[in-house]
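Student: Protein chains in written order, with the working numbering: chain A, 134 to 254; chain B, 134 to 254.
Hints in this document: simulated from the structure, not taken from any laboratory. The reader is advised that the hints may include incorrect statements.
One copy or two, either will do: identical chains are not told apart, so a pair holds if it fits within one copy or between any two.
Derived pair list, reagent style SDA-like, types lysine to any residue, alpha-carbon separation capped at 25 Å [unchecked claim]:
| id | residue 1 | residue 2 |
| --- | --- | --- |
| 1 | K252 | M134 |
| 2 | K253 | A228 |
| 3 | K253 | G242 |
| 4 | K135 | A249 |
| 5 | K253 | A193 |
| 6 | K161 | I191 |
| 7 | K232 | E152 |
| 8 | K232 | T147 |
| 9 | K135 | I244 |
| 10 | K222 | T147 |
| 11 | K161 | F204 |
| 12 | K161 | R209 |
| 13 | K220 | P235 |
| 14 | K253 | Q180 |
| 15 | K253 | R146 |
| 16 | K222 | R146 |
| 17 | K252 | Q169 |
| 18 | K161 | F231 |
| 19 | K220 | Q155 |
There are 2 protein chains.
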Amino acid sequence: MKSLILVAHGSRRTVSNIEIIQIATQLKPQVADTYQHTGHAFLELAQPSIPDAIEQAIKAGANEVTILPYFLSAGRHVSEDVPALVKQKQQQHPAVEFKLAPYLGGAGGIIDLLAAISKKI
Amino acid sequence: MKSLILVAHGSRRTVSNIEIIQIATQLKPQVADTYQHTGHAFLELAQPSIPDAIEQAIKAGANEVTILPYFLSAGRHVSEDVPALVKQKQQQHPAVEFKLAPYLGGAGGIIDLLAAISKKI
Chain A
134 MKSLILVAHG
144 SRRTVSNIEI
154 IQIATQLKPQ
164 VADTYQHTGH
174 AFLELAQPSI
184 PDAIEQAIKA
194 GANEVTILPY
204 FLSAGRHVSE
214 DVPALVKQKQ
224 QQHPAVEFKL
234 APYLGGAGGI
244 IDLLAAISKK
254 I
Chain B
134 MKSLILVAHG
144 SRRTVSNIEI
154 IQIATQLKPQ
164 VADTYQHTGH
174 AFLELAQPSI
184 PDAIEQAIKA
194 GANEVTILPY
204 FLSAGRHVSE
214 DVPALVKQKQ
224 QQHPAVEFKL
234 APYLGGAGGI
244 IDLLAAISKK
254 I
């Protein structure tokens, strides 16, 4: 079973964290043909943590876990912190396949989306 | 003449600010049919500032300036700081039409983009 976990930074503002949950919820049906399980996680300041969300996915039966970083720039969080947490879980669960998707800002398509937004104004 | 200004938070990390410049540069040809002038600006920690970029657009001949916030969540920056700066400039330049695009994270299309990224993994 494949699991997709949307990972965001996490905020002190509850409303920002709720936005992430809403995005993960809206994403779920759109990826259901590929990912039978989806979740969300926060790097800091909010729950569930990335390790907790991964554990939850594995408990739900996932043997492949894809982490999708909801970040705009390739800072330390994207380049070091998130991969380190994923690597730890990989070592704890060698039978599970872990995949790290490109972060949102670095993925192809962001330019098209910005162009579409700016043309609708 | 219409101008589009991509507005990001700004970072202490030069490489993150360069990412914004690259995105604005890639966006330029994709919106050229609508916006004859494009620019980028940072809310803090980097230059040009939002007021400076707006002034630059107006000097270049813009009579309509659209601000496109490159932010993922509707925090204080998106809901208060950016609109306040735009309002100030609107008061200084009543003949110029200012438009504020929805922030990236709140714009329709982000779910589609996330779904597309996660299916490519």
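Student: None of the hints should be skipped; say for each whether it holds.
Tutor: Results of checking the hints against the structure:
Taking the shortest Cα distances, K252 and M134 sit within 25 Å of each other only across copies (15 Å), while inside one copy they are farther apart (39 Å). In this assembly of identical chains, K253 and A228 lie within 25 Å of each other by CA distance solely across copies; the values are 22 Å between and 47 Å within a copy. Both within a single protomer and between protomers do K253 and G242 lie at most 25 Å apart by alpha-carbon distance, with minima of 17 Å and 12 Å respectively. With identical chains, the CA atoms of K135 and A249 are at most 25 Å apart between copies only, with a shortest distance of 16 Å across copies and 31 Å within one.
For the identical chains of this complex, K253 and A193 are inter-copy neighbours only, at 23 Å across copies versus 41 Å inside a copy, given an alpha-carbon limit of 25 Å. In this assembly of identical chains, K161 and I191 lie within 25 Å of each other by CA distance solely inside one copy; the values are 17 Å within and 43 Å between copies. Taking the shortest Cα distances, K232 and E152 sit within 25 Å of each other both inside one copy (24 Å) and across copies (24 Å). In this assembly of identical chains, K232 and T147 lie within 25 Å of each other by CA distance neither inside one copy nor across copies; the values are 28 Å within and 28 Å between.
For the homomeric pair K135 and I244, the shortest alpha-carbon distance between copies (19 Å) is at most 25 Å, but the shortest distance inside one copy (28 Å) is not. In this assembly of identical chains, the alpha carbons of K222 and T147 never lie at most 25 Å apart, being 27 Å within a copy and 31 Å across copies at closest. For the identical chains of this complex, K161 and F204 are neighbours both inside a copy (19 Å) and across copies (22 Å), given an alpha-carbon limit of 25 Å. In this homomeric assembly, K161 and R209 never come within 25 Å of each other (Cα to Cα): the closest approach is 28 Å inside a single copy and 28 Å across copies.
Only within a single protomer do K220 and P235 lie at most 25 Å apart by alpha-carbon distance; the minimum there is 16 Å, versus 36 Å between protomers. When the C-alpha separation of K253 and Q180 is checked against a cutoff of 25 Å, the pair qualifies neither within a copy, at 35 Å, nor between copies, at 27 Å. For the identical chains of this complex, K253 and R146 are neighbours neither inside a copy (29 Å) nor across copies (32 Å), given an alpha-carbon limit of 25 Å. With identical chains, the CA atoms of K222 and R146 are never at most 25 Å apart, being 28 Å at best within one copy and 29 Å at best between copies.
In the homo-oligomer, the alpha carbons of K252 and Q169 lie at most 25 Å apart only across protomers (13 Å), although the nearest pairing inside one protomer, at 35 Å, exceeds that limit. Taking the shortest alpha-carbon separations for K161 and F231, only the intra-copy value of 19 Å comes in at or below 25 Å, while the best inter-copy value is 36 Å. When the C-alpha separation of K220 and Q155 is checked against a cutoff of 25 Å, the pair qualifies neither within a copy, at 27 Å, nor between copies, at 30 Å.
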